[in-house]
Amino acid sequence: MLKIQLVTPKLEDSDEIFNLVDRNRSELKHWLPWVRLMKSSADETNFLRNSLKDSTKLTFGIVINQNFVGMIDLHEIKSETAEVGYWLDKDSVGKGIGSSALKNLEELSTRDYKIRELKIILNMDNQKSMNVAKRNGYQFIEQNRQNLVFKKELEIF
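Note that UniProt numbering has the sequence shown beginning at 1, numbered continuously upward.
Keep in mind that a hint or two might mislead.
[To be verified] Straight-line C-alpha distance at most 27 angstroms; calculated DSS-like pairs for lysine-lysine: (1) Lys114 / Lys10; (2) Lys78 / Lys103; (3) Lys119 / Lys103; (4) Lys90 / Lys134; (5) Lys152 / Lys57; (6) Lys10 / Lys103; (7) Lys57 / Lys103; (8) Lys3 / Lys134; (9) Lys114 / Lys151; (10) Lys10 / Lys78; (11) Lys114 / Lys3; (12) Lys95 / Lys3; (13) Lys114 / Lys57; (14) Lys57 / Lys119; (15) Lys152 / Lys128; (16) Lys78 / Lys114; (17) Lys3 / Lys152; (18) Lys103 / Lys29; (19) Lys57 / Lys78; (20) Lys29 / Lys134; (21) Lys151 / Lys128; (22) Lys95 / Lys152; (23) Lys53 / Lys119.
[As the list claims (entries may be wrong)] Here are the in silico distance ranges between beta carbons for each label pair: (24) Lys3 / Glu155: 21 to 27 angstroms; (25) Asn144 / Glu27: 19 to 25 angstroms; (26) Glu80 / Asn144: 17 to 23 angstroms; (27) Phe140 / Trp34: 23 to 29 angstroms; (28) Asp125 / Glu12: 31 to 37 angstroms; (29) Glu142 / Lys3: 33 to 39 angstroms; (30) Ser79 / Arg23: 36 to 42 angstroms.
None of these hints come from the bench; they were simulated from the model.
Cβ atoms here follow ideal geometry from the backbone N, Cα and C, with glycine treated the same way.
Could you build the full structure based on these sequences and the hints that come with them?
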């Protein structure tokens, strides 16, 4: 079984993360508009710097064997709610890594931030991301243009 960790990325991780984005650019650009703007390691550094300062966002690297295989975040964090975003390296798709990372994020959300509700907003054609949401108990609640919104109520222990 793979040991999946969520780690707060450091500015020194910018090169590795940018290279991962660049390697997956052709797939990610369909679902994530920011990919087109991410043209260099310096862009990734700026993104991380801004993310780390943003009090409505928590960004984590998905790490296996000390290597980044994707990213996951909480954004639009409000009192007890947040939205989730995630992406994986193409070689990590279909192995349960996205689901494991999402479960880890849910545990962290409830334990450390007392978040009770998470939403995943995804493009209606992104079947792989939709499968992750459904497999992890997220319920479809609405369609907003080309996006589908899924929601999950979390229990705080």
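The hints, checked one at a time:
no. : hint                               : result
1   : Lys114 / Lys10                     : holds, 25 angstroms
2   : Lys78 / Lys103                     : holds, 20 angstroms
3   : Lys119 / Lys103                    : holds, 13 angstroms
4   : Lys90 / Lys134                     : holds, 20 angstroms
5   : Lys152 / Lys57                     : holds, 18 angstroms
6   : Lys10 / Lys103                     : holds, 22 angstroms
7   : Lys57 / Lys103                     : holds, 18 angstroms
8   : Lys3 / Lys134                      : holds, 22 angstroms
9   : Lys114 / Lys151                    : holds, 16 angstroms
10  : Lys10 / Lys78                      : holds, 24 angstroms
11  : Lys114 / Lys3                      : holds, 25 angstroms
12  : Lys95 / Lys3                       : holds, 12 angstroms
13  : Lys114 / Lys57                     : holds, 14 angstroms
14  : Lys57 / Lys119                     : holds, 14 angstroms
15  : Lys152 / Lys128                    : holds, 18 angstroms
16  : Lys78 / Lys114                     : holds, 11 angstroms
17  : Lys3 / Lys152                      : holds, 24 angstroms
18  : Lys103 / Lys29                     : holds, 25 angstroms
19  : Lys57 / Lys78                      : holds, 10 angstroms
20  : Lys29 / Lys134                     : holds, 23 angstroms
21  : Lys151 / Lys128                    : holds, 17 angstroms
22  : Lys95 / Lys152                     : holds, 22 angstroms
23  : Lys53 / Lys119                     : holds, 22 angstroms
24  : Lys3 / Glu155: 21 to 27 angstroms  : holds, 25 angstroms
25  : Asn144 / Glu27: 19 to 25 angstroms : holds, 23 angstroms
26  : Glu80 / Asn144: 17 to 23 angstroms : holds, 22 angstroms
27  : Phe140 / Trp34: 23 to 29 angstroms : holds, 25 angstroms
28  : Asp125 / Glu12: 31 to 37 angstroms : holds, 35 angstroms
29  : Glu142 / Lys3: 33 to 39 angstroms  : holds, 36 angstroms
30  : Ser79 / Arg23: 36 to 42 angstroms  : holds, 38 angstroms
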